[in-house]
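Asker: Next come the chains, spelled out residue by residue.
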Amino acid sequence: MELDSLSVLLIWTAIAIYAAAFVAYAFDLARRSQLASDRKLAAAQLVERELVGAAVAGSSVSTARTGGASGSERTAKDGAVKGGTAEEAPRRFVMARIGTSLTVLGFVFHLGGTVLRGIAAERVPWSNMYEFAMTGTLLIVAVYLAVNLWADLKYLGTFILGLIVVLLGGAALGFYVQVVPLSDPLKSVWLVIHVFVASLGTAFFALAFALSVLQLIQMRRESRILAGAEKTGPRFLATLPTAERMEGLAYRFATVGFIFWTFTLIAGAIWAQDAWGRYWGFDTKETWTFIIWVLYAGYIHARATRGWRGARSAWLSIVGFTAVLFNFTIVNMFFKGLHVYSGLN
Amino acid sequence: MSSSPSDTRPRGGKGPKRDGTDSAADPLRPSDHVDGQEGVASPSLGVVGWLRWGWRQLTSMRTALVLLLILAIAAIPGSIFPQRMADPNGVTQWKTDNPDLFPILDAMQLFDVYLSAWFSAIYLLLFLSLIGCVIPRIRHHVKALRTRPPRTPIRLQRLDDHREAVREVPGGDAEAAAKSAIDIAEKQLRALRYRVERYDDKRGFSVSAERGYARETGNLVFHLAILGVLVAVGVGGGFSHTGQRVMVEGTSFVNTLLDYSSMNRGRFVSDGDLTPYRMTLDSFDVTYQPFGSAASGQAGDFSANVTVATPEGEPRKESVRVNHPLDVAGDKIYLLGNGYAPTITVRDAQGKVVFTDPVPFLPQNNNTMTSLGVVKIPDGLPQQLGMVGFFYPTAAPLETGALTSVYPALINPTLTLNVYAGDLGIDDGTPRSVYVLDPTDMTQLTGGDTGVDSIELTPGQTAQLPNGMGSVTFENEAPAGAKDYSESVKRYVSLQVHHDGSAVWVLVFALLALGGLLLALFVPRRRMWVKAVADGGTVRLEYAGLARGEDPTLAAAVDDLAASHARLLDADGGTSAPATPDDTPNPRK
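Top to bottom, those sequences are chains A and B. Start counting the first sequence at 1; every next residue gets the next number (this note's numbering). Start counting the second sequence at 346; every next residue gets the next number (this note's numbering).
Heads up, simulated SDA-like pairs for lysine to any residue below, C-alpha to C-alpha not over 20 Å straight-line:
| no. | chain 1 | residue 1 | chain 2 | residue 2 |
| --- | --- | --- | --- | --- |
| 1 | A | K336 | B | P708 |
| 2 | B | K721 | B | T791 |
| 3 | A | K336 | B | Y459 |
| 4 | B | K677 | A | R278 |
| 5 | A | K285 | B | V436 |
| 6 | A | K285 | B | A420 |
| 7 | A | K187 | B | N668 |
| 8 | A | K187 | B | S648 |
| 9 | A | K336 | B | P433 |
| 10 | B | K677 | A | S188 |
| 11 | A | K285 | B | Y459 |
| 12 | B | K677 | A | W190 |
| 13 | A | K285 | B | I418 |
| 14 | B | K677 | A | A269 |
| 15 | A | K336 | B | F426 |
To be clear, the hints were calculated from the coordinates, so they are not data collected in a lab.
Using the sequences and the hints given, assemble the complete structure.
Answerer: Written as structure tokens, this is what we have:
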């Protein structure tokens, strides 16, 4: 009981730190807006000074069109170097770094809270709604941080951390239940595997979702630029990768998520065969897991279908993740079925 | 559904991009991009032509995608409305709650969504589309597997991922140095598991390489395995059977059709297909969380301890537990439910026993095990007698004076009975549930509004039936000398016996699909070329890569290839890097 109280304390601390990280990331977006307009200004001045005008004027537009992990940062530097403007310091998104540091700190508390909950319950900490939310969001943060080691996705911070604060805070407020022993059907090795992999898949879908949302916003901006419009939407978008790059990233995350989801379906079927006497029975939760699988299968095919790349496939990714959230919340709480492990009455 | 999930080529993979409708408005295409052929007069089609056109449409990627999305939407109603296959009681309840709407929705098969004509139509069309796409792709892939990598393009610099390098030849024979550079590149690519082909001609030396054939193989395996899952489920359903059986402690059951409470069997299952083993329920174990703890009364550690005797083998002791079904002669036996079966004896006015049996009571609340049961006595008494009983394992009075159970274990077991006399409604052969009493043609004699108190018994007690009809006894099943009530009432279990030989095949195909998916999504398919041209005292090297399908790491792969080739050339010593590093601009950076 003591351990569980400590776990709750750690979780709330993590929520507070995540909220701070969210604020830092939000400031980062604001700062990016500032940078983008500064650069526009600098470029305009350069043109006036008839320095290598063509190269730099292009850079303010082409910034967003350059690929590469930290393409925006690099291009900003390149622009500065090529333009010969020594006063333009190298770009560092300080607030984004603060946000990420806070996220790491929050993650440590979050992990501690989750592990303590597991120790308190003497089992894996994912067997009711509260614990699913706790572990699921932990995995989203873990995947987000791990991916950032590989490619700079800090611009997703606001979206991811906002999602985490809402989900984890909501769970801590609305789903909290005391530690109780497992019901018999949950006493299985598949609880460890099936639920964990499902949460991991969800984490990847969440990243793909955030990228798809940004992709749509970026696409709108790009088409406005191409149309020569005066206003092209929020300026921070100029420091973000191109819509095409974000679509590619979203696709990669979604495919990883899809693999995990496929495995979840199979592992769930094996478990159902042992626990309920059939591997598939269109239980409500099974049905929704299937629907999500089909939606993401559609998403993957959309990438290979003319006319479905771009906006439409982004919408499919968004619809898919909405279905994941629906499956987790509404289906768990309000739909009648065999997956009655929410722990809520 | 049937194209490579990440392949930008049209289905059939017959070449560069074609078709497409709305790319004219696509800002990412040049303005002179001609796509689609609006305004072109289509040739008139005969019957065969139209069939061919229809088939093309059906097997097109776009149709497959739309069918997938429709399938996702069509599956939703099955989670909103109760389904007969998953929740038959829910359907009955829904019918009672919405008597007017029910026939309409039922006619739309909304209570059998996954067996409905419209749902079946969608997935059958989808699978037809899949077959129509996979077959030509298999042919195409088999051909591709036998084909050597294609001739090196003349202008490699036209490819997006292109690198150049110049190396000096100290010895002087640039021609020989170029040849040996390509020899090294060939070995290097071969070690990277590329399939390679040399194309040396008077323009220069080059090696063409291709890898990632497993991507398409995996893609085809995935789609065929999905078909396999469907076929295994469909065929397996015909050979499977599922039966339910309620067993009270101490009783036996023989695995024959007659001995089941209910049975569903596939169309190919004949009467003799069941192995006639005998199973006896020796005891049933369960533990309850202690009273007052966080999960007070939560049950767990269920174990139905049985003795199984197969026709050939010795009887053996086994247990059926949740998550641990028992295997007997290819059948799997599952523990679905449990409850109390109070033993009730009814005697007539002369004291002659007219009924004595443990009666399974259905739990109404799993945390307290308040249970409801029905006793029907058609013969032996002046009138047919029905009794509706509540069983409380740990009875305690509510403020109203009515009883309730506060804990699921047998601490203060109490049975209350409301007695009905009249016509049970079973003489005309109408099938009636043993768990429900139809009071239409009966008169209530105790409880409710009769003014006579319900009969209330604890184990071992006997009460007189109204109107001097006889007596009813709640038998105490505890062994002589027992100190408490913990063994006073027998328990029963509800078992499911399931036979489905196809499950393992479904699993095999599902795992194949997963394996295929991994290959199809993560193996990059790409072509690489290395070309060397002797140019005076130097060798000009070109590297280029072409993605075939989704390949986010191609640029890095070309970089790696060029870099490690340079290292190998340095080691070889035939050529050397220019003194000042060649500042060939990389188009990607």
